[in-house]
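Asker: One letter stands for each residue in the lines below.
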Amino acid sequence: MLKGTSACAGCSSSLSLRYVLKGAGPDTVLVIPASCSSVIQGIYPNTALNIPVYNIAFAAAAACASGMSNAFRAVGKKTNVIVYAGDGGTLDIGIQSMSGAFERGTDFLYICYDNEEYGNTGMQRSGSTPLGARTTTTPAGKTDEKKDIDAIITAHDPPYLATACSAYPQDLFKKVKKALAIRGPAFIHILVPCPSGWRFPPEKTIEIGRLAVKSGMWILYEREYGRLAISSPSKAAMKNPIPLENYLAPQGRFAGISPKALDILKQRITQKIQRLTEEEKGIC
Amino acid sequence: MLKGTSACAGCSSSLSLRYVLKGAGPDTVLVIPASCSSVIQGIYPNTALNIPVYNIAFAAAAACASGMSNAFRAVGKKTNVIVYAGDGGTLDIGIQSMSGAFERGTDFLYICYDNEEYGNTGMQRSGSTPLGARTTTTPAGKTDEKKDIDAIITAHDPPYLATACSAYPQDLFKKVKKALAIRGPAFIHILVPCPSGWRFPPEKTIEIGRLAVKSGMWILYEREYGRLAISSPSKAAMKNPIPLENYLAPQGRFAGISPKALDILKQRITQKIQRLTEEEKGIC
Amino acid sequence: MLMVATGNRAVAEAVREAKPVVIAAYPITPQTGIVEQIAEYVSHGVLLSRYIPVESEHSAMAACIGASATGARTFTATSSQGLLYMHEMTNWAAGARLPVVMANVNRALGPGWNIWAEHTDAIQERDTGWLQVYTGTVQEAYDTTLMAFCIAEHNDVLLPVMVNLDGFLLSHDMQPLETVDCGDFIPPLHLPHAIDPQNPIAYGPLTGPDQYYKFRWDIERSMRDSVNVIGQTQAEFARRFGRKYGFTDDYRCDDADAVVVSLGTLGKEAEVAIDALRSEGIKAGSMRVRWLRPFPKLDLAGREVVVIDRDYSFGFGGVLAHEIKAKNHIDVCSVIAGLGGQEVTYDDIAGFIKNRRIGEESWFGVTPGV
Amino acid sequence: MLMVATGNRAVAEAVREAKPVVIAAYPITPQTGIVEQIAEYVSHGVLLSRYIPVESEHSAMAACIGASATGARTFTATSSQGLLYMHEMTNWAAGARLPVVMANVNRALGPGWNIWAEHTDAIQERDTGWLQVYTGTVQEAYDTTLMAFCIAEHNDVLLPVMVNLDGFLLSHDMQPLETVDCGDFIPPLHLPHAIDPQNPIAYGPLTGPDQYYKFRWDIERSMRDSVNVIGQTQAEFARRFGRKYGFTDDYRCDDADAVVVSLGTLGKEAEVAIDALRSEGIKAGSMRVRWLRPFPKLDLAGREVVVIDRDYSFGFGGVLAHEIKAKNHIDVCSVIAGLGGQEVTYDDIAGFIKNRRIGEESWFGVTPGV
Amino acid sequence: MSGRARLALSKPTTGAAGRTGSWRVFRPVIDTEKCNQCGLCQMYCPDAAIDEELNVDLNFCKGCGICANECPKKAIEMVREET
Amino acid sequence: MSGRARLALSKPTTGAAGRTGSWRVFRPVIDTEKCNQCGLCQMYCPDAAIDEELNVDLNFCKGCGICANECPKKAIEMVREET
Amino acid sequence: MFEVRIHSRGGEGGVTAARLLAIAAIRDGKYASACPFYGAERRGAPVVSFVRIDDRPVRVYSQIRTPDLVVVLDASLVGVVDVLSGLKAGGTILINSAHTREFAGYRTCSVDLTGIALRENLIMAGSPILDTSVLGALARIGIISQNSAKKAITEVFTDERNVRAADAAYREVVI
Amino acid sequence: MFEVRIHSRGGEGGVTAARLLAIAAIRDGKYASACPFYGAERRGAPVVSFVRIDDRPVRVYSQIRTPDLVVVLDASLVGVVDVLSGLKAGGTILINSAHTREFAGYRTCSVDLTGIALRENLIMAGSPILDTSVLGALARIGIISQNSAKKAITEVFTDERNVRAADAAYREVVI
Ligand SMILES: Cc1ncc(C[n+]2csc(CCOP(=O)(O)OP(=O)(O)O)c2C)c(N)n1
Ligand SMILES: Cc1ncc(C[n+]2csc(CCOP(=O)(O)OP(=O)(O)O)c2C)c(N)n1
Ligand code: SF4
Ligand code: SF4
Ligand code: SF4
Ligand code: SF4
Ligand code: SF4
Ligand code: SF4
Ligand SMILES: [Mg+2]
Ligand SMILES: [Mg+2]
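Residue numbers (our numbering), protein chains in the order written: chain P, 998 to 1281; chain U, 998 to 1281; chain R, 80 to 449; chain A, 80 to 449; chain G, 12 to 94; chain S, 12 to 94; chain D, 403 to 577; chain C, 403 to 577.
Pulled out of the complex, with its shape left as it was, chain P reads as follows (with noise of 0.2 Å):
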């Protein structure tokens, strides 16, 4: 990635898009739906990126990597094929498209970078926001839960999943040569914090990530072929997670969230906690 985007002082989307082209080498044909993405890049006709990039509409882009994927392998290729996606084109409008590449076993990379909102349009409310927060269209914090896309990918049984944070860009990194040394679908989830979203100044970009990692909000880890392994720095975390409100309180979206959406994100991670840890030994 080249310098001067026009993303956000302290993006962590830029940042985590840099190692997931360091990590993807030069072969590689990056596929990216209306998001922060299409803006971040460039515009005509100057881009940042490096290799090809593909922009396609917001709902499109798992089918249309899929069309790509085939018609490179069809001719021998194996040019990497990855999906760079917000949330929104991944659980909400592009899940319908992302599922179906999945159940037909695409040979690609489906990377959702997860600022759980709709950036490029101004903040707001996503299916992967959590409950809680303000955004645009939920000024009074969203009453819904985050939509659990993990175990909705994990319910297609690809060969590799993985959950990654812009906090630990060399674990990302790791994760993103991994999924493509492997054949068939894989997916990524990277937690990005995003500055103007979330309402923190910009510096504290790195230092929110790694609160969410913490505090087990976000549990970095990877499943391979059905087998979990929890990523490092979630091992300590799990064990001994920070208080959630620690993470929360530097960022305006949570402000004056109610005692019983707290309630309810502080069991869920206790549960999900509970839950990976369960099946981490289940299956060794």
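Just so you know, not all the hints are guaranteed correct.
What the hints assert, rightly or not - Computed list of lysine-lysine pairs in BS3-like fashion (alpha-carbon distance at most 30 Å, straight line):
id, chain 1, residue 1, chain 2, residue 2
1, R, Lys376, R, Lys362
2, U, Lys1175, G, Lys22
3, U, Lys1075, P, Lys1257
4, U, Lys1236, G, Lys84
5, G, Lys22, U, Lys1236
6, R, Lys376, A, Lys376
7, U, Lys1278, P, Lys1263
8, P, Lys1074, A, Lys376
9, P, Lys1074, S, Lys22
10, S, Lys22, P, Lys1174
11, P, Lys1175, U, Lys1269
12, P, Lys1019, S, Lys22
13, R, Lys293, A, Lys293
14, A, Lys433, A, Lys293
15, D, Lys432, D, Lys553
16, P, Lys1278, U, Lys1075
17, P, Lys1278, U, Lys1171
18, U, Lys1236, U, Lys1269
Stated by the list, open to error - From chain A, some residues computed to sit far from chain G (all C-beta separations above 12 Å):
id, residue
19, Asp289
20, Gln311
21, Asp354
22, Ala355
23, Asp378
24, Asp410
25, Asn434
26, Arg436
Said to hold, decoys possible - Covered by chain P, per the in silico footprint, the following chain A stretches (three or more residues, Cβ under 8 Å):
id, stretch
27, 93 to 107
28, 167 to 179
29, 266 to 277
Just so you know, the hints here were simulated from the structure itself, not pulled from any lab data. All of these numbers come straight from a predicted model, not from anything done at the bench. We put the CB at the ideal spot given by N, CA and C, even for glycine.
Model the placement of chains U, R, A, G, S, D and C with the ligands on the given structure of chain P, informed by the hints.
Answerer: Chains U, R, A, G, S, D and C with the ligands only, in chain P's frame:
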């Protein structure tokens, strides 16, 4: 349901619909996307259904029902809003609107009657078609596995989810009643053997459904507020499933299934039985 | 109340006044302001609607359809890709005879991505059975949205209405806005075919070749009847609130030798061009088409006509220009200008009029063959 | 080889001959036969394409776009609701300048559900930058599908082509079909802007107001250039395989006083009507429009023209009738007939011609005001 | 619902798809001797063509044979229709 | 890729969105005394504005302050830009 | 132009019969078209197909109103649909029936195609297949040559039994 | 018609400043329109807004090419964009700057809005907010009345500090 529909002789989707209507009672609106059910209900100016039925585009059932439910609730009406959709309208083209409606906690019942194919257009592959089954678009047998919609919905954590089968109409009837008694989104997934598409004689419709359950290829259960309960017909079957071949052999669509596909199907059954058994134990 | 508002805000204010029961919408630039403002109203209890934060525009329209089918007033808003994505459902809403009101913020179509004003998004919907109106000022966007509910829900119409406003140019322009207390101006909606849980009816079932066309004809019949309803509604609006609207907004046309016809903000900008031309002694006028569906009778006889299309039908031509040709049996000078937010100033428009060549088409900024 | 085939089968046979690299399609009545036949070919290894069984039409077109962007030949087929559902992506394919070939089996739009022939589905796509051709016989569906690949992929065009066939009437009609060995008739596809993994380029990025319209103009420029390409391709096809096609299919028009203009099978049925009228001494002819985009020059001067529209633009009129009016500066007698598979016989068509009233519109089977 | 029909609205009608009994090739005949009134045939009939009193409505029975197949008493025989 | 441009195709360019360094209000200044060369600032800079030798490219540094915030040695100070 | 209307039920092969008839006519050197009229019916519902045979290409797509020949593949349809509707005076009706039938004013031919199918065990999804055997009867009536009838069947089906069934029908049709 | 162009960066409040100016003009009994020119830029990128003030309704939507007044909310934009572009001869330029500036041929006014914002602690997401204070300066220059400037601010913001900031700017602007 009135007599004289245009369903094929021996159609178990019509049989299911009979029991859905019975279970739902009078204050009910049915939302039906493009599917066999859009035809079964009858041609203008006649219909075989004696409650209001709203026909809607293929991809749009859950969203339409969302709007309907909200409009009824806004004026204080408790009218049951039930989607009666095929597997294609649920797992494939309809998954976006369905997933959204579940995420938003819509107060409705979504029923997917699963004939494991696009019946209305003449038995093409759907995401729900099992591995190895021949359809008109998979003339050599499907090479991808059946999408696990129950796991996908479970990931949305609805208050109620159940599986059913047309061969057990009383069980279905009870589940419909229970689902409608619960506030928020409920899901019932009904396996409906289709003589025309699965290529077995129409008189075997019930038998085939029973074999599906007895072989463990289809497991009857409900999950109420996250608590799993295996339904009685499957309790026995899970302990001592009959050979899968007994289920497959009478069906033309599985003629000549590859040993590899057969093997995977069997593995999946074992895994699923194990997973559900553990889940049931784990939480009780 | 006199405030300063964007076009988006104006639409949201009108919706607040019209009090739909259900609003389902999906954000998209440059419409987002409408959705956000409505979410704000709803969350503050200023508006008692149910706001459904759907996961796509296809679902937005489907949700409006489901709600409207019960007899509830509904509203949505979209733009560009969003409008394209709901195309199946816009057709459905019209066929189901549901008076959904939608604001569409006109924007160009990708690829390349372009978020600026163009009418092609709405123009591609002109066959669907929706009434379409294009607005030129913030006040008009407000007033027209209010009237849209009256018209859509009128028993002689029962068809959805799309209120168009130019992306950014109008959606984000801040202008004086006089809001009204709408009182009983919009009568309660009584949908004759509302779902009644006690009355078993199957809506929109399979309809055979010897029946189907009759329902299509009924759509067209209602379209034709809507001409009166629009006229009455605009007259009633003028009576109550003092602002007059027609099927077109004519500016100094009466004695004009040349008339420029256009949609949306171009038609307001054109007025400035007309003033300039008039001061040069050129007798020109501007006719801004408000209602594109039903297509209005245009009084163009005896004038040379320049049509500016901020849209295009590839392999054919500017849509407004050709619809005028076909309906008015005249030839025109067709100018394609403003695509994708291309800047078109009043000077440019004055130039179009001065340099008009009847029977020819030109693309503003393009030298053919290059 | 002489066989008996349905229109659907003919399209599948042509696709087999054209050997696309990737086919992505979704079933819908009455197009299903195409998809099923192709799946059969692929599964038997008769056709070495990759067939992607997508989960919707939006995805079908998206997959074709992704594949085509790599420079691969692609094909899809749809109908009615499916075409509406992919509307966003048909626009995208054209804007991305990808020579996707699609068969569309014309069918009416819901609600009520109706699976029979009507052209409104494709007509609503006429602005998108797709070339559109309508066929009238099984043989023509086959031949035209072959030619569609040549035309779409031609360097002067590089736009997608939609081959239309009337639902059931043509898609399911079984007629003699002479298949060909197409040899090098369709040259290999060399997409100048194919993705090259070694060449970092961002496709279709955000494009500003001062650039966007230039790319739109290039679509139109290619549309205009396609006229030559179509002419050449049709000539070359005639040279190689002996069957001649034009922009229109004219039947006994030369000395006709009255000409009936229509699309698809209606135009073949009209020939029978013409024979009957001629035998009564009435000098009538039939002009069946094949290419609707680019819109062809029609030689209609001096004749009375009856246009049959199996489509409608509500609040406006029959689309073909009005496009002819606008382009040919004539008035016509507009007949709306055949919607939703409404039966239209040659006797009916003879009646339309005999009872024509230039300047009027009538709906077949409808008495207005009733 | 008065006034003109604006869209296709269907009303409940027995035989919405016609007298579907005519589709039948084989007809179920219940042997009341063998029958034990268990009601399974009624329960499983997809076309609701058997009523509580175990009368088969031959106007609408499509002859699928499910009732015969499921009858625990083998009390139903499928008999070829005369043509 | 030769010939006329049929669709918008962008080429890689440094500063695709202009000299984004001008967005900055505060500028990172590295105190080479305190710095231990750990590279974390470089690793975390979303705009890749710090190179391996720890030079900040002020043409493109947006001044987000992440580097300063993450520096374990507190070796980076954010200094208000002159206007 | 010789116009044929075929009455059958979904699943019985009426559409295929029409197709085979068109192929046979073409193999006889004529032009033909076959066109099923599709409702959205499922298996078992009455359907109708049309075949036109002519010396020049067929250009008509509308339904046949006044057939020269009516074929009834399922005798139970008589009474359910008006199979004689529009049949030209003196026209022919061919009916699948175990016993001979009489339709006043028309030339009536009957043949027990169902019996033949059951004999040859030509059954699919519970229904007897009648689409190939009927060609034999049509050849006997003189609509197509027996040779072309066979050709048509073998072009479409590999199973020998189809030809045998057609031969049987050729022999057994009662004119 | 009096035409104003405002230069700022995304997030600094240029659009709101334009809006407030239009409100104030309307409260002065005039007609006005304010129109940001939107790119798809994110926070931090240069943006430009336009305000037109007139005695009759404004009907122009195209950009202002020859402004009467240019407002520069972010002095760092000065070499980055041509802030003087088209400014009418003798026109005014108001710039947010801690020290006075000179633009030859124009009436130059400067005011340290950033300083005022930092003093009043008007900071959002790390950026100082300038949109309210600038109204004070504009009032002082005479584009709007001081009264209407205050009205506009209080119509939109409840926070007292905004009015204080505007007052400060009114006092401190160097003309
Ligand atoms: C069909 C359609 N609807 C809406 C939009 C407008 N839109 C563009 S990007 C976007 C939000 C994207 O959100 P997400 O996928 O989370 O990515 P982010 O912007 O957060 O990076 C929206 C709503 C669109 N381009 N297309
Ligand atoms: C957008 C769209 N695409 C395709 C179709 C055609 N279509 C109608 S029903 C159907 C299959 C339905 O399958 P399923 O949902 O499984 O229901 P079933 O027919 O099996 O009962 C299809 C492909 C359509 N109506 N709309
Ligand atoms: S809105 Fe958030 S995700 Fe989007 S560019 Fe800005 S910081 Fe990055
Ligand atoms: S195709 Fe199958 S599901 Fe559909 S009506 Fe026939 S039997 Fe029932
Ligand atoms: S044969 Fe089938 S339709 Fe007839 S009564 Fe028995 S179960 Fe019902
Ligand atoms: S299933 Fe058999 S035994 Fe039971 S009621 Fe029916 S006929 Fe009698
Ligand atoms: S301030 Fe931000 S953009 Fe500048 S070098 Fe540091 S991390 Fe990079
Ligand atoms: S983070 Fe700090 S210590 Fe590490 S290299 Fe950067 S300046 Fe030096
Ligand atoms: Mg996002
Ligand atoms: Mg199905």
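Asker: So, against the hints stated earlier in the document, which numbers end up violated here?
Answerer: 5, 8, 13, 14, 16 and 17
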